[in-house]
Amino acid sequence: MTRAIADDILLDLHRRMVRIRLFEETAGRLMEDGKIPGALHLYVGQEAVAAGVMVHLSNDDWITSTHRGHGHLIAKGGAFDRMFAELYGKATGYCKGKGGSMHICNMELGMLGANGIVGGGPPIAVGAAFSNRFRKTDRVACTFFGDGASNEGAFHEAANMAGLYKLPVVFVCENNGYGEFTAQSNHQAIVDVADRAAGYGMPGVVVDGMDAIAVYEAAGEAIERARRGEGPTLLECKTYRFFDHVGVRGMGLAYRSDDEVAYWRTRDPIPRLEQQLAEQDILSTEAAMAVHAEVTREVEAGVRFAEESPLPDPSALLEDVYA
Amino acid sequence: MAEAQQQPRKLPYVAAITDGVREVLKEQDNAFVIGEDVAGAGSVYGYYKGLLEEFGPDRIYDTPISEEGIMGVGVGAAATGCRPIVDLMFMDFIGECMDEIANQLAKMRYMFGGHARLPVTVLTMAGAGASLAAQHSQSLEAWLCHLPGLKVVMPSTPYDAKGLIIAAARDDNPVFVVLNKVSLAMTGEVPEGAYEVPIGQAAVLREGRDYTIVATGRMVHEALKAAEQLAELGLDTEVIDPRTLQPFDTATVVDSVRRTHRVMIVHEAVRHGGIGAEIAATIQEEAFDYLDAPVARVGAPFSPVPFSPALEAHYVPDAERIVAEAKRQLGL
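Quick note, the sequences are listed as chains A and B, same order.
First residue of the first sequence? That's 1 in the working numbering, and the numbers climb one at a time after it.
First residue of the second sequence? That's 1001 in the working numbering, and the numbers climb one at a time after it.
FYI, nobody ran anything at the bench for these hints, they're computed from the structure.
What you are looking at is a predicted structure, and each value in this text was computed from that prediction instead of being measured.
Don't take every hint at face value.
Said to hold, decoys possible - For the chain B half of the interface with chain A, some residues (derived, Cβ under 10 Å), not all of them:
(1) 1034
(2) 1058
(3) 1082
(4) 1114
(5) 1119
(6) 1148
Said to hold, decoys possible - For each label pair, taking beta carbons as the anchor points, the in silico distance ranges come out as:
(7) B/1277 with A/323: 37 to 47 Å
(8) B/1281 with A/310: 35 to 45 Å
(9) B/1130 with A/182: 36 to 46 Å
(10) B/1307 with A/187: 35 to 45 Å
(11) B/1189 with A/321: 28 to 38 Å
(12) B/1081 with A/187: 32 to 42 Å
(13) A/297 with B/1281: 53 to 63 Å
(14) B/1050 with A/187: 31 to 41 Å
(15) A/321 with B/1196: 18 to 28 Å
(16) B/1301 with A/323: 30 to 40 Å
(17) B/1321 with A/323: 54 to 64 Å
Ideal Cβ positions, reconstructed from N, Cα and C, are used throughout, including at glycine.
All chains, full assembly: derive it from the sequences and hints.
So this is what it looks like as structure tokens:
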């Protein structure tokens, strides 16, 4: 650690990560059991990124997310009952059951939606940052995207405009090594996505995305820079998804080796943070277990709420197409 | 002075666009214009000229040539409380930003369960007839009409251009204002101050008992010329300009067809799969028993827009083609 971080922030980071992990593991099981329809892209393994960035943001700061978006919404303060209800397709979900996993959002929390289009988020985040400046606020926008999305034209157009206008936006690349089922080495000729920042006149920073404290510190610098009006940053977080592109299967996949998965499992960001916090007497093993237990109850209550909630009435089908 | 005030003010279509945008910037503090060459150059056709000087650089922004990025700024800014006017220089460039339009702008409100407003006004220039060839001349409004969540208007006159721009900007939904480049010099009455041409309301430009022509955009004027010629053949022809294609004013068209029993639809876009097909289908659903002849459609042939004036003149429909098709349709 390069500077002292307040205990309550470290505990906040930890809780956000545990909330993501336990929500996602349960959501994945419910999908495998057929209770949640459609496809879930789970965030397990990448928790340090969402938590490390979101701890710096208020509800007035905007984010855009990806198809792997539950973690971003949870870290931004998403409530489990409304989230599970949305995944179940219930009327009580955040999007009244019209968006589902890939479009889950909450405007009041400043979350401009998960996005089913790879690279869909960056142009919208640049628009939100443009709006922040136009409306003369000191709010920022953060856009999460993957190594795969960094090959989309939308990312490049958005990054160029953000650099040109020096907009208050942070491009958070979650490089998990794969664009869907294709390894990074097979989809781009560079190792560090952060190299692309140079083309847009912004700093490119690489950070260990499995280290919540490292992400927290790097994100803090980028976000403060944006707030000061000094323009965007491309923050690349090297991370890994423990599960498949879709669903909860982690091992035995054709496109990556079990050894590779096992290696990244040893770098799991949650036990790592728990060990760091235990060593500093900030969070005892017992206290960490209590957080897990508390979040487990929150998950159970969320699932119960979703299961007991009504399905949308067919009359809702044509509502919300237009304002 | 009193006499001068009684004279209705006439402006060219291009100046009516400027006037409409000016009124929007005056009445809406959170509106701004963004697009390629809109501020310094005032757009390639000059319809933003003077607005930079009048409103300053905080209200009108030049961008890189990045249509997807520009449309994304429109989406993100609108969702977070602004009312952007996005300029898409030529409608043909819509392919560059179709994901932002089709997957983000049109759907965000619905996907979010109604928890977002997207008050984006897109001004874009369509139309053939200027020898700009296949990538700067298309009329692609049917692409937009197929996307739930969008509204699409197509002003044919200076009056409608200003009034529809103002109505679009006051609407809380994304509205595409499809302008016509060949009509830019055309003059017409344009009142001072802000007024709306209501979205979703057609205009009956000529009343008639025997025949209905529904025409869009620049084709409205060809239809009016054709109506004169058809009158000489004893066919008292009604001409309707829908002005808005989405949502479509079905009632005005169907009421007319129920009176005249014969109808033609004219648009400049490629006939195959054009909005005319949808209008024709709606007419047969709503007025089948009133029809004395098959619904006729006139549109561009199934080819890209050609460059040579000699070819382009045969590509864009005109009054002569409308009259010829009416004669074929009605056996005159």
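Going through the numbered hints above, which ones does this structure break? Give me the numbers in ascending order. Structure breaks hints 7, 14 and 17.
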